[in-house]
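Work the whole structure out from these sequences, hints included.
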Amino acid sequence: MIDYRRRMRANLAIAVIGLVLFAVFPLVANSGLVFLAGLVAVNIVFGLSWNLLFSGVGLLSFGHAMFFAGGAYAMAVVSLRLPDLPFAGGLLLGAMTGGIIALVFGYIALRRASGVYFAVLTLAFSELVHIVITKTTFLGRNDGLVGIPRPVINLGVASIDLTSALAYYYFIIVAMAVVAFALWSFQNSPAGRLIQAIRQDPVRTAFLGTDVRSWQLTAFVLSGTIAAFCGAVMVPFAQIASPEIAYWTVSTEPILFTLLGGAGHFWGPAVGAILFGAIDYATRALYGLSEITVGMLLLGVVLLMPGGLLGFLLSRRTAARRLTGSGKRVPMANAEKAT
Amino acid sequence: MVDIGLTVFNGLAWGMATFLVAAGLTLIFGILHILNFAHGGFFMIGAYVAYSVMLAFGGTMPLWLYLVAAIAAGIAVGGMGWGVDKLILRRLRHVEDAYSLIATYALLLVCVGAVQLVWGLNYLSVMPPPALNSVVFLGDMFMPTYTIFIIACGILAFIGLEIFISHTEMGRLIRVVAADPWMAKLLGLNVRRIYLVTVVFSFALAGLAGGLLMANQSLSPELGGIFLLQAFGVVIVGGMGSIRGAFIAAILLGMIESFGTYFVPQYPGIFFLVALAVILLIKPEGIMGKEQTA
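For the protein sequence lines, the chains are A and B, in the order given.
169 is the number of the first residue of the first sequence in our numbering; add one for each residue after it.
20 is the number of the first residue of the second sequence in our numbering; add one for each residue after it.
Hints are computed from structural coordinates only; laboratory data are not their basis.
Note that the coordinates shown come from a computational prediction; the quantities given were computed from them, not determined experimentally.
You can take every hint at face value.
Restricting the straight-line Cα-Cα distance to at most 25 Å, the calculated cross-link-like pairs of lysine to any residue (SDA-like) are: (1) A:303 x B:297; (2) B:105 x A:461; (3) B:105 x B:210.
Below is the structure:
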């Protein structure tokens, strides 16, 4: 229990430090970079939601774009058609849309499919959502929905004006920090522990009396809900919901973040999302360079350091401590848990 | 009647074009048990290579040159397969399924990036050779000769592969290794070499398909992804690495897609996906596949 409190404080500190770093970023960067930073913040939680499935219950989803797009489009439709609805209502509806999509498709996909088959099924479902969006007039077809307003939150006594991009940026980073820490808390709750047990040994966990399928479905719905929340938060920032966010390349983004950063660590996707954003920005001048760089890095990670960047750095630190004999001797397993 | 004939024709065209891409994919899936995302990327590189060969000969070309360009693309991409097996696929054999799937996706990204760097972002379009640029009438039904050519290529590719797999020494060895690599090794077979031959052959098929199909669509760096999902569907519905299964699945899914689009024209592309999901749920091991434990 004491150990849990210590780890909780450490991870809360990580979330707060991340929030502070993102908060001071606009002081040193121009508005274009701040916009990118806002997208990175959304991507961090998008990546975390995907890793809840991958490292949580051991499911490889290739269709997370459908949740992200589901949340984004729900938010866009609500803001354009029901302008009187409070902003929080739009966010809630957006998140719920992702949850419902996940419940329906997850219920079907989890009945039979596992491993590669599950990956291809989620890919197919996601493409289905993409086609439906591009062919439905109500959702703007290939043009998407444009001109989505940023909200003014009315709290009765005072109102918070989020109509400027900078104000909305601050809303994003606070919301993302809160969700990220909530996700950490969930993964370290008894339910989260049970979900991890399912990944490590589904048969044995089932034997202990756990309904593995329904827990997998629970994780799938939770993951979809959070991914959709990210989409819903992103839409007023970009002020457009375009069908590209439902395309399957978006589904692969959280995979890239997670693997680059390190799937075995809770904050791995965060490191990966920041790295990915930096690579994308640094290579923007030459078409194709960004894909080659990210592809090569990802290959290197899978072939040479499966723990990702964070896993690599942490294992180096542990090894160095062991070699010098200074500091506390932290066995590998504990070092991993500590993050 | 004409409508039904045309719908069947379109379904066949979809099926054979997809089969051309899926043939190489199913070979690797059957023997290495890797679902190779990069296949779409190398298919695309094949199309671009064939395009460049054609440009070098002046642009408009007779049928034989079109075929030469496609074969050149097959050889070039087959050579890339040799490098990819040595550098990457060989190392993925003992890696978890999820990670090897992601590694091949990384390779697809590299392909897409390379195509953007070498050929640029613009859409390039290729006219079919003059000999294939006409229309055949069957009663009231008109059929483009290029589409007939693709259907013929698909059927020929299927027959060729069936003969290769069932009646040649190498084909038999490939089947042996697919069935039990450990036992094959005990019997003194050079399993590594057979893997290499399979990969090179599969990549060469991807390149050839790219060359043959290049006139069917405009070339863009997105080309890899467009055919990939269809080919995935065909391979998985067909069953683990079964050429015959993939061929049947290609026709079946092509017909479903074609008839679906005929009856509900608002949503083209959707019926293939729905059919894929339904078939995977009823028979996850595929129509020609054996029961699996995974």
